[in-house]
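There are 2 protein chains.
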Amino acid sequence: MEKIRPRTLSGFMELLPARQVQMERFMQVLRETYALYGFTPLDTPIIEAAEVLLAKGGGETEKQIYRFEKGDSDLALRFDLTVPLAKYVAMNYGTLSFPFRRFQIGKVYRGERAQRGRFREFYQADIDVIGDGALDVVNEAEIPAVIYRTFTALGLKKFVIHVNNRKILNGFYAMQGLTEKAGDVMRTVDKLEKIGPEKVREILVDDFAVAPAQADAVLAFIGIRGSNARVLEALEQYRGQNELFDKGLEELHTVTRYLGAFGVPEDHFSVDLTIARGLDYYTGTVYETILPDHPEIGSICSGGRYDNLAEYYTDRQLPGVGISIGVSRLFFILEEQGMLSDEGVTAPADVLVIPMTDRLDEAAAAATALRKAGVRTQLYAEKKKFKAKIGYADKLGIPYVIFLGEDEIAAGMVTCKDMAAGAQQTLPLDALIPLLKTGLAQKNAGTVICEK
Amino acid sequence: MEKIRPRTLSGFMELLPARQVQMERFMQVLRETYALYGFTPLDTPIIEAAEVLLAKGGGETEKQIYRFEKGDSDLALRFDLTVPLAKYVAMNYGTLSFPFRRFQIGKVYRGERAQRGRFREFYQADIDVIGDGALDVVNEAEIPAVIYRTFTALGLKKFVIHVNNRKILNGFYAMQGLTEKAGDVMRTVDKLEKIGPEKVREILVDDFAVAPAQADAVLAFIGIRGSNARVLEALEQYRGQNELFDKGLEELHTVTRYLGAFGVPEDHFSVDLTIARGLDYYTGTVYETILPDHPEIGSICSGGRYDNLAEYYTDRQLPGVGISIGVSRLFFILEEQGMLSDEGVTAPADVLVIPMTDRLDEAAAAATALRKAGVRTQLYAEKKKFKAKIGYADKLGIPYVIFLGEDEIAAGMVTCKDMAAGAQQTLPLDALIPLLKTGLAQKNAGTVICEK
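Going down the list, the sequences are from chains P and G.
Note that this note's numbering has the first sequence beginning at 1, numbered continuously upward.
Note that this note's numbering has the second sequence beginning at 1, numbered continuously upward.
Heads up, a few of these hints could be off.
Copies of the same chain look alike in the list, so a pair counts if it fits in one copy or across any two.
List of simulated lysine-lysine pairs, BS3-like, C-alpha gap at most 25 Å [as the list claims (entries may be wrong)]:
1) K389 - K417
2) K63 - K385
3) K247 - K395
4) K56 - K181
5) K181 - K191
Honestly, the hints are just simulated from the structure, not real lab data.
One chain only, chain P, in its complex shape:
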């Protein structure tokens, strides 16, 4: 028979078993942390009517989308989790309670040009709080706490949540009479780190006809650095000139004020006036999360406050604040940087029961008892040489092997080998189980991420 070459499409992540176990742990931390903050899990279809998904239309997204017909239906695969959320909230408005807090971890699809570390199918992990007509700024203050706890629970230590406020930016540009040029100016300013202030000034003046004095004002504003208190202090000089700016400054004060109460250490949080995010969507606090040792990675968790979640579907104003983690990309980077911890059991089982007799009744009963006690157990049933059986446990990294021979069966005991320590002991299964549980708890005590 002619064979088809088995292959996985490029840009589609498919992990080997031990890596997948790490990925599952990663996702479990996200699920548990998001749940701790009172977000409810949601699951929406991957396929939606193209008209619904593309309600906003235009832009880079539409080119990348997977869109196809089935029967008479014009369908598309979701390209983010925000549009499906907007649909869901607009659809179920009458049933939901607001503020509506949901998390969703799911695959999204973008037919980008495949390149290393860029995926066409990838997991996003989003949280959003949606208000009905209004949403208090305290919700914006709470978001850094979720980010902090999530990455801390994953085992990351060195990360900084950079925060800005779009009202401050828009207010400042309005003060300068640069509202219409704000987009161009911000895109230019975004290159500051790369090309330096001189070049930024040149582009502003030459390409966008910004007056030299204004360009200097922009550079002075964007150059405000230092501790959070210092940046807030420096922003005071602009107060009283623009209502929007003043409102944004108040919001930024509120966000920073509650950080401590929400458990975010000062050194993990940075007021950063260079953060802008999506120009036409966010309207208040915006977030980016940076690894200071790996600035080249860019933000690993971003989001912000928006005023109209579902304007394409409903007249109701549904303001919200949310963040998103690009899970697949982050996981790929962590792997590449060697930052995935190799502690923790990644084998399919904690115990391999190896029968040393032809009849398997006692071995099956032992496996059953172990499982009843919550120990992940495999019974090795293949007729292989002893060396092959123990080699199987070794190759998979199964931490404990139990042997059951005639002697053990007669004595009502089992022999257990700790594969890492090499130690072996014979004892009743009941006595072994608590020892296994202690040993496993130790082996699995670490976090998903380890920093070098």
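For this one, chain P is given, so just place chain G on it according to the hints.
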């Protein structure tokens, strides 16, 4: 602005939040149980090259498949989890250890005609054990244990795992010289319950030219009923006439022999000669799981032994045994039958912290402490009337509400209301936390499924 009507495609399941929480619990039980039996989690792409997915080709499946082009690529959405597994194992053959035990819970796609309880996007939850060249029959004996434990952990009590062996069927039909007609005969016999033995006999003789004596033999064989011991006993009369039959009978003996050791009670297991499953795939033990009070539902968990997992991709023989649960359909049926337990917290949070002062520092700190202790907590930050705040907790079913007024703050206490009991107490947060944990453990002690 012209609005797009927000909608979800028909045949696509999208649950409201409280239901989704039940679904998450359902899936968590599957994940945990599968893991207990030494299966490793796998995640493969939803999109594959159409050539790879359709390697087997033909049949009903190909018509139902979602297939489309993107750029130069001919793509398709997976319609089950078995074909991706075959691809994965063939692709990674050199890296994997065999027996390879994996579980996968994921969405699959079939563009069926939409009808009530039939989904175009639905979750399957599969386990498979794959051998390299050979796979011991004991693996087939262990599968009923996984099924038993899974449904028991979900809270189902009345279910029976029906088991047959394809070698027994094929051997029996060979004895009768009916090998070539076996497909037609089995499809006819499958209607036994519906149309009765007289009618089956008539169809066999009239439509398929089965000799009357053979038709009687088929009906006698298929009519073997009773306890497992009795059915096995009755099968002895056919022994010695066909090698395949004898091998199948031995396998069936092995499977039933180890049931007890694997922890499956006799009354949850039934040797059932009417079970056939997919005619061209399974080669040994086959399984169906039936709810005796709801025979109309059909099998809720099926599978069996096969000899060639990946024949379209590789010459290597990869025998296996596996089962699949159609999660979305089962969940839908359980909901419809009122069998989803309404015990257990389905709210996004266990505690709603309601600040009674303008400043929120203490309320935020209380929420932070609760979360640190592992209690799912929401801080209610909206400026609403007290009645609206408490109504929010009530509507969502949040079990506990904590009030923080000036008095509590001054005294270093919190006031906590148990929403179900109506009782209210004022105490230090540290003293409250263990009480909350005990209360929540009680509320969440139940299972996902409850039988009426």
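Which holds for K181 with K191 at a C-alpha limit of 25 Å: within a copy, between copies, both or neither? Answer is within; shortest intra-copy Cα gap is 16 Å, inter-copy 75 Å.
For K247 and K395, with the copy left unspecified, which applies at a CA distance of at most 25 Å: within, between, both, or neither? neither (61 Å within a copy, 33 Å between copies)
For the identical chains here, do K56 and K181 meet the 25 Å Cα criterion within one copy, between copies, both, or neither? within (23 Å within a copy, 58 Å between copies)
For the identical chains here, do K389 and K417 meet the 25 Å Cα criterion within one copy, between copies, both, or neither? within (13 Å within a copy, 57 Å between copies)
Within a copy, between copies, both or neither: which one fits K63 and K385 at a CA-CA cutoff of 25 Å? This pair counts as neither: shortest intra-copy Cα distance 57 Å, inter-copy 47 Å.
Taken one by one, the earlier hints fail for this structure at numbers 2 and 3, listed in ascending order.
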